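Chemist: So you can see what is in the structure, the chains are spelled out below.
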Amino acid sequence: MYLAIREMRFAKVRYALIATIMLLIAFLVLFVTGLAKGLAYDNAASIENMSASHFVMEKEASHRFTRSLLEESVLSQTGKAIGEENVQSLSVRMTTVTNAGAEFKLDVTLIAVKPEGWLMPSVSEGHAITSQSIGEVLVDSKMKESGIGIGSIIVDQGSGLEWTVSGFVSDESFSHSPVIFLNESDWRQLQLKMNALKGADGAASDRSISAIALRADKEQVEQLAAAMSQTEIVTKSQAIAAIPGYKEEQGSLTMMILFLYIISVFVLAVFFYVITIQKSHQFGVLKAIGTRTGYLVKSVSLQMLLLSVSSLMISVLLVRAIEMMLPSGMPFQLHVSTLLMTCGAFIVISLVGALLSVYKISRIDALDAIGRTTA
Amino acid sequence: MTYRLIMDQITHRFEDGGVQRTILNNLSLKVAEGELVAVLGPSGSGKSTFLSIAGALLAPTSGNVLLDGESITGENAGELSSIRLHQIGFIFQSANLIPYLKAEEQLMFVAKQSGIHSSLAAKRARALLEKLGMSHRRGAYPEKLSGGERQRIAIARALMNDPAVLLADEPTASLDAARGMDVVQLLASEAKELGKSAVMVTHDERVLPLCDRVLHLDNGCLIEK
Ligand SMILES: Nc1ncnc2c1ncn2[C@@H]1O[C@H](COP(=O)(O)OP(=O)(O)OP(=O)(O)O)[C@@H](O)[C@H]1O
Ligand SMILES: [Mg+2]
Chain A
1 MYLAIREMRF
11 AKVRYALIAT
21 IMLLIAFLVL
31 FVTGLAKGLA
41 YDNAASIENM
51 SASHFVMEKE
61 ASHRFTRSLL
71 EESVLSQTGK
81 AIGEENVQSL
91 SVRMTTVTNA
101 GAEFKLDVTL
111 IAVKPEGWLM
121 PSVSEGHAIT
131 SQSIGEVLVD
141 SKMKESGIGI
151 GSIIVDQGSG
161 LEWTVSGFVS
171 DESFSHSPVI
181 FLNESDWRQL
191 QLKMNALKGA
201 DGAASDRSIS
211 AIALRADKEQ
221 VEQLAAAMSQ
231 TEIVTKSQAI
241 AAIPGYKEEQ
251 GSLTMMILFL
261 YIISVFVLAV
271 FFYVITIQKS
281 HQFGVLKAIG
291 TRTGYLVKSV
301 SLQMLLLSVS
311 SLMISVLLVR
321 AIEMMLPSGM
331 PFQLHVSTLL
341 MTCGAFIVIS
351 LVGALLSVYK
361 ISRIDALDAI
371 GRTTA
Chain B
1 MTYRLIMDQI
11 THRFEDGGVQ
21 RTILNNLSLK
31 VAEGELVAVL
41 GPSGSGKSTF
51 LSIAGALLAP
61 TSGNVLLDGE
71 SITGENAGEL
81 SSIRLHQIGF
91 IFQSANLIPY
101 LKAEEQLMFV
111 AKQSGIHSSL
121 AAKRARALLE
131 KLGMSHRRGA
141 YPEKLSGGER
151 QRIAIARALM
161 NDPAVLLADE
171 PTASLDAARG
181 MDVVQLLASE
191 AKELGKSAVM
201 VTHDERVLPL
211 CDRVLHLDNG
221 CLIEK
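Chains A and B supply the protein sequences, listed in that same order. According to UniProt numbering, the residues represented by the first sequence are 1 to 375, in order. According to UniProt numbering, the residues represented by the second sequence are 1 to 225, in order.
You can trust all of the hints, since none of them are fake.
Far from chain B by the CB rule (all over 12 Å, computed), these chain A residues:
| no. | residue |
| --- | --- |
| 1 | L23 |
| 2 | K37 |
| 3 | T95 |
| 4 | D107 |
| 5 | I134 |
| 6 | E184 |
| 7 | L192 |
| 8 | K218 |
| 9 | G251 |
| 10 | V274 |
| 11 | S328 |
Partner residues aside, some chain A positions facing chain B, computed with beta carbon under 10 Å:
| no. | residue |
| --- | --- |
| 12 | M8 |
| 13 | A11 |
| 14 | V285 |
| 15 | K287 |
| 16 | R292 |
| 17 | T293 |
| 18 | I370 |
With a straight-line cut-off of 30 Å between C-alpha atoms, the simulated DSS-like cross-links for lysine-lysine are:
| no. | chain 1 | residue 1 | chain 2 | residue 2 |
| --- | --- | --- | --- | --- |
| 19 | A | K105 | A | K247 |
| 20 | A | K59 | A | K114 |
| 21 | A | K360 | B | K112 |
| 22 | A | K247 | A | K114 |
| 23 | A | K12 | B | K102 |
| 24 | B | K123 | A | K298 |
| 25 | B | K102 | A | K360 |
Honestly, the hints are just simulated from the structure, not real lab data. It should be emphasised that the depicted structure is a prediction, and the values quoted were computed from it without experimental measurement. By construction, the Cβ of each residue, glycine as well, lies at the ideal position given by its N, Cα and C atoms.
Here chain A stands alone, though its shape is the one from the complex:
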């Protein structure tokens, strides 16, 4: 494109300025996106990592694991419907723990699953727990920072129960707190203890699990939902959105990103529009000497494309560099797929920004070139 490139060569400063603004906005969009994704992961990693498609919860729990309580009979009921291998019990409880010497307190999330089932993450260090083990748990590796190692004793503040750390799992968190995995018998122990403390008898213990994880397709889910009245089937993303703090956090970050996009559309549109207005006599001359409007439109769009692609490339490099410098505890996550989607959105946005100029160009009359003394 003869004109587009020569004009950018001629007005280097002007275009460098726009490119810089685009670069800064693109960088900010990428960074905030990375932060949002990182926080989302940090918040909900444990649920996110589960290969479940849906969860069965108590109807009144408003999609929250921590509020839901189900009878264990529901497990066999769903297992019969969609296959034993496609259901897993899942129990979640948020609590505070200390170490044996009570030197610190830590807010954690207890998750109880069948150790041999498909909800159990793989052990990154130490050895796994089994259904037979008693008082043994796997903890998230973030807890190492609090001085917890293999063999350490963890005391649950509410129940007073003690567990021994047998191994570590990585990237396991729920509502920003590290996760402790226990087996189902330890979970039952905990339930009994809590009920006893509350002064209730053992009668409540038949409602002992929080939810049931399913691997099911839409049809199966619909059938299942129709068959069960006391429970509700929640999709994975609904369950994640209901994790305390998740929606609020993601909502505000998403709003920031959205506004950044809107701001970029306006900044780019205004910048290009002003330049186009400045050049309207020139466009008139070009049209008068026989340049087609389509050529001029392509020319402006190409300029926008060149600017956005080059500033995106630089900002991607910048974000990657910053990412390497971030402290390891900083929640930041920018996968290639997210990166590509953000870049794609930004390119689309920049082309939308060029629309106003395109409209203006199409309205410029070649007659402007004749009988005007304007410089």
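Guided by the hints, dock chain B with the ligands onto chain A, whose structure is given.
Modeler: Relative to chain A, chain B with the ligands alone:
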């Protein structure tokens, strides 16, 4: 004799606040090959309107414009664009060069637009610049050129696609007397040599001796005085 530009009974009206004003009234003009015609007239008499119609920029209310014997009436916007590119060479009052193209690129651009092969275009651009005495300035941007030099580049650009008709709208308005004479001299000689039909709208009485015919736009008609 061949007339490369023929304007046949052109009438043009503008609607102005509900009032119809006839600017051109049954205007007819034939410009022969190699001829330079000057058009004079008071301000507001319709000179620019006349030139816009001749240059396929404005469709007249009625009448016909023929370029090389072919009528351009009823062509769509794209075809008119193409007609302006191939058959008409425009020279405007001032600032009609593209500021970010070097002198030679101004010529190369129009050649590229019309699809002339680039090696041929380069050869022709060199030859034109040579002929108009602008070879030494071929790499200069318009802002670095003097007013007279700019108009010479504009003439070269107008000639680049070998058009049938040259149209100039007050080409000397921003030039001093001597430069103005040079530019019109150039226009006249190029029209003669290359067999173009040239029309120049002007206020500048001093350049009239260089023209083959002088016409006055009066009451919407062209008359010889
Ligand atoms: N688009 C338009 N709508 C209405 N009236 C117009 C329009 N364009 C021109 N006119 C009127 O037509 C008349 C002729 O205009 P034109 O520009 O052709 O004059 P001109 O001879 O070129 O004048 P000048 O020497 O001042 O350039 C003027 O009275 C002008 O006001
Ligand atoms: Mg005029």
